[in-house]
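For this one, chain C is given, so just place chain Z on it according to the hints.
Protein chains in written order, with the numbering used here: chain C, 1 to 112; chain Z, 1 to 117.
Worth flagging that the hints you see were computed from the coordinates, not collected in a lab. Take the hints with a grain of salt, since some may be wrong.
Stated by the list, open to error - Facing chain C, according to a computed beta carbon distance under 10 Å, are these residues of chain Z, among others:
(1) Lys-22
(2) Ser-50
(3) Glu-105
(4) Gln-106
Said to hold, decoys possible - So the derived list for chain C, only partly shown, Cβ under 10 Å to chain Z, looks like this:
(5) Gln-48
(6) Ser-52
(7) Ser-98
(8) Glu-104
What you are looking at is a predicted structure, and each value in this text was computed from that prediction instead of being measured. Just so you know, even glycine gets a beta-carbon here, dropped at the ideal spot from N, CA and C.
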Amino acid sequence: GQQVMQIPQYQHVQEGEDFTTYCNSSTTLSNIQWYKQRPGGHPVFLIQLVKSGEVKKQKRLTFQFGEAKKNSSLHITATQTTDVGTYFCAGPQETSGSRLTFGEGTQLTVNP
Amino acid sequence: DTEVTQTPKHLVMGMTNKKSLKCEQHMGHRAMYWYKQKAKKPPELMFVYSYEKLSINESVPSRFSPECPNSSLLNLHLHALQPEDSALYLCASSQGLAGGYYHNEQFFGPGTRLTVL
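So that you can see chain C by itself, here it is in the shape it has in the complex (with noise of 0.2 Å):
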C-alpha cells in the first residue's frame, strides 16, 4: 500500500535557526498537504500542493513538491518559539481521494 515517510521525527532549533521537514511518497501524489499540530492542539491545515514543482510561501514558509510529484519538503526561515509543534505531510490515496496517508510527522521544538 502507498507509504508516506517524513523525516526527521525530531528537529530541535535554536529561535532564529532554519528548520526542514521532508516527506517521501511511495507512489505519485495528486497533491500534497501539510498540517501543523501544537503541543495538545489538533491539525491545522496549512497548504496544499498541486503541481509538479510548485513553490508556496507562507511568511517565513516554504512549500515545495517534487518534480515527480513523491516528495515535499517545509522549510522554515529564522524559526520563533511559536514555530513548535509537530508537522505533518499527507497525500490522497489513489484509490480513495478522501483517503489521506499521513506521514510520521516532524516534532520541532524551538529553544528561545
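Just chain Z now, kept in the frame of chain C:
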C-alpha cells in the same frame, strides 16, 4: 464560520459505559471524518461520511458506531470500550466533490480526549 466543533472536550468512561462524541461544522462541507490519534502519532482514519452516507470504515471494531444525522452533524457512539481505546478522537470535514474536483483538505475540530478506565 470556518470552525469544526466537538463535544465533549474530555471524557472519562468505564468499560461498561455508553457515551457519544459529537461533531458539528457549518462550512457546507459534504465529507466528514472520524480519526483516532495516539500520542506522538499521526491521526488514524476510522470512518468517512460522504454526502451523509458512510463511505469508508477502516475495519473499526463494532464498539465504535458512527452516525451522520445530517450534513452538519457527525456522532460517534461508544460502547464497551477497552483501555487501549484511550486516545484523542478528532473529527474533520472537507468540501468533498465540487467543480469536478475532489477537495480533500481537511479541517479538524479540537478533539475529544477520551480515557477508558
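For each hint, the structure was consulted:
1. With 10 Å as the threshold, the beta carbon of Lys-22(Z) stays out of range of chain C, its nearest partner Cβ sitting at about 16 Å, so the hint is violated.
2. Because the closest C-beta pair between Ser-50(Z) and chain C is about 6 Å apart, less than 10 Å, the hint holds.
3. With a least beta-carbon distance of about 5 Å to chain C, the hint placing Glu-105(Z) at the interface is held under the 10 Å criterion.
4. Taking 10 Å as the C-beta contact cut-off toward chain C, the hint placing Gln-106(Z) at the interface holds, the least distance being around 6 Å.
5. Given hint, Gln-48(C) at the interface with chain Z, holds; its Cβ is 5 Å from that chain's nearest Cβ, closer than 10 Å.
6. Violation of the interface hint for Ser-52(C) is found here, the shortest Cβ-Cβ separation to chain Z being roughly 17 Å, above the 10 Å cut-off.
7. Taking 10 Å as the C-beta cut-off, the interface hint given for Ser-98(C) holds, the closest approach to chain Z being about 5 Å.
8. Interface restraint check: Glu-104(C) against chain Z, minimum CB-CB distance 6 Å, threshold 10 Å, status holds.
Consistency with the previously given hints fails for numbers 1, 6, ordered from lowest to highest.
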